[in-house]
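Number of protein chains: 2
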Amino acid sequence: MKVTVLSGGVGGARFTRGLLAHLRMPDVGRGRPSEVTVIANTGDDLWLHGVRVCPDLDTLMYTLGGVVHEEQGWGRRGESSHMAADLAGYDVGGDWFTLGDLDLATHLARTQLLREGLPLSQVTERLCRRWQPGAHLLPMSDQEVETHVVVDGPDGGEQLMHFEEWWVRHRAAPAARRFVQVGLDTASAGPGVLAAVLDADVVILPPSNPVVSVGTILAVPGVRAALEATTAPVVGISPIVGGAAVRGMADQCLRAIGVETSAAAVARHYGRRAEGGVLDAWLVDTVDAGAAAELAADGWRVGVAPTLMTDVPATARIAAAALALVLG
Amino acid sequence: MKVTVLSGGVGGARFTRGLLAHLRMPDVGRGRPSEVTVIANTGDDLWLHGVRVCPDLDTLMYTLGGVVHEEQGWGRRGESSHMAADLAGYDVGGDWFTLGDLDLATHLARTQLLREGLPLSQVTERLCRRWQPGAHLLPMSDQEVETHVVVDGPDGGEQLMHFEEWWVRHRAAPAARRFVQVGLDTASAGPGVLAAVLDADVVILPPSNPVVSVGTILAVPGVRAALEATTAPVVGISPIVGGAAVRGMADQCLRAIGVETSAAAVARHYGRRAEGGVLDAWLVDTVDAGAAAELAADGWRVGVAPTLMTDVPATARIAAAALALVLG
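Here the protein sequences line up with chains A and B, keeping their order. Going by our numbering, the first sequence runs without a break in its numbering and finishes at 341. Going by our numbering, the second sequence runs without a break in its numbering and finishes at 341.
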């Protein structure tokens, strides 16, 4: 069984780890070996101090490779910050972004390989040889695409800010007018990305940020069309539970695009494939049974289950519920 | 009094530290404030894992800034290697070069500023704001010049190897046929470099490697001509004591260019200005009194003094002896 996941960072990585745990269970798949492909958002990538940082790819690698800092959700377990503490002495800025010593090894290896001329997809494959994530990790694009946030400028005009600067440095405080994916116009889907959607047996939108993670992947030329064309069912898991983002600041992102922070509103934002959207089914948390009923009344296929990814077994059950919703 | 030093890494840095200590003494200069400019070899610079490393500039900054790893002679005191230990897990090579966590902060700050478009001279000035080296630190050139070693290839032919790879990774073991400065043809002297020679009151060739450190600086277009034209006396301190390099593997470098490893041979290699060379005077160690007599018989102005830079006061005395030789 081929499963394809469109993922951002922490939420998507944790979900995929649960999905892999579920698929490894002896009674799953009835003898059909499963193969998981993760299409990762690279819109958060940035050049920092001359090295290329790919937050979502790294979080996926570390989480699936078993070396993530568990409480934090990103970065390496046992991390230190000798370099960063010293770099502050040079006063060259950029210190709002955490660059741990171990994490930096990833950025340096990646930057070296990129400078040698390898595309990001091959660089990612090379880095994954070390971490053995148990899934194919595909950057959404080999071209540089960077999400920027349009915020109020000092003169009442507009100002562009890299998404990571808005998110990490300013904790999403400046009101976002909209998001702009710089480079997206001329970008194309990375090698294997469209095929992973078209040839899948099931496609999953995990509880990642629907605007700047999954939304950015969907905006890559060809991806939305592949989702429309694939014979695989597409199931999503709501990142909104009880009217709030489970993690991160998805509400600030949703507000910017005029979408209410609710499980039902995000479903309608994605839309049903039957009506030109990308979803066949939607899994919401048990606290959102009301939203489920409302969507079902409108003809949606909706599942209800506990969706808090408190640990790997709980997350495996969420993955099982999502798969059951479309595969029966 | 304006003093200009043409320096490589460890030897030149230690000498300059002693020179600064000497010039700070109350009875020196008779009220004339002194100003020291160091023209640093950048031929050892390299791109490693996507960041720019400048070994000699760093050694000068750390040594003059008081943060060098004293026993080692290069790198930072209190250094750690968390990043490097982890990077080895990616198997991308380059692990023959030590990249300490603190040292890496310098490389990242430098790479960021270079990528922002600043020339190396301005980047160096910026980094020196932190370390306050007490001397003007000038890269010999703003263009990338990289010393390569021509060694025997596997097929009996020739093979090019970056100097740092030959020196650090292979401990200068493969016989060097010759040295090639890649990029030198199109390089020009960095801002202030020629003026620092032309306007100096005294120019010093410290006990740096005469082939790949001082030799490379001398090969930068205009530098040798400036040394010929300057009204300042030029004094050198022999890096060879008792027929051996005090530090490093200068003998392997001298052999490649057909120069004997002796205090007299290096002096003749540099040559007297009166005869088209670059030196007015030459300071040798007390164990090389024989070489001094031989050179003096040929009309050289030669000084004899203990030249082992065992500590800062001893090095200050060497600087004093060198200055006394040409300034009286």
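By construction, these hints were calculated from the structure, which means they are not laboratory data. Accuracy of the hints is not assured; some may be wrong.
To be verified - Just a sample of chain B residues kept apart from chain A, beta carbon distances all over 10 angstroms, derived:
{"hint": "1", "residue": "R65"}
{"hint": "2", "residue": "A97"}
{"hint": "3", "residue": "D99"}
{"hint": "4", "residue": "G102"}
{"hint": "5", "residue": "G107"}
{"hint": "6", "residue": "A118"}
{"hint": "7", "residue": "T119"}
{"hint": "8", "residue": "T124"}
{"hint": "9", "residue": "R143"}
{"hint": "10", "residue": "D168"}
{"hint": "11", "residue": "G255"}
{"hint": "12", "residue": "G261"}
Said to hold, decoys possible - Output of the computed footprint for chain B on chain A, the stretches with three or more beta carbons under 8 angstroms from beta carbons of chain B:
{"hint": "13", "stretch": "62-68"}
{"hint": "14", "stretch": "119-129"}
{"hint": "15", "stretch": "152-164"}
The beta carbon of each residue, even a glycine, is placed where N, CA and C say it ideally should be.
Status of the hints after comparison with the structure:
no. : hint    : in the structure
1   : R65     : violated, 8 angstroms
2   : A97     : violated, 8 angstroms
3   : D99     : violated, 4 angstroms
4   : G102    : violated, 5 angstroms
5   : G107    : violated, 7 angstroms
6   : A118    : violated, 4 angstroms
7   : T119    : violated, 8 angstroms
8   : T124    : violated, 3 angstroms
9   : R143    : violated, 5 angstroms
10  : D168    : holds, 25 angstroms
11  : G255    : holds, 40 angstroms
12  : G261    : holds, 27 angstroms
13  : 62-68   : holds (count 4)
14  : 119-129 : holds (count 8)
15  : 152-164 : violated (count 0)
The structure shown violates the earlier hints numbered 1, 2, 3, 4, 5, 6, 7, 8, 9, 15.
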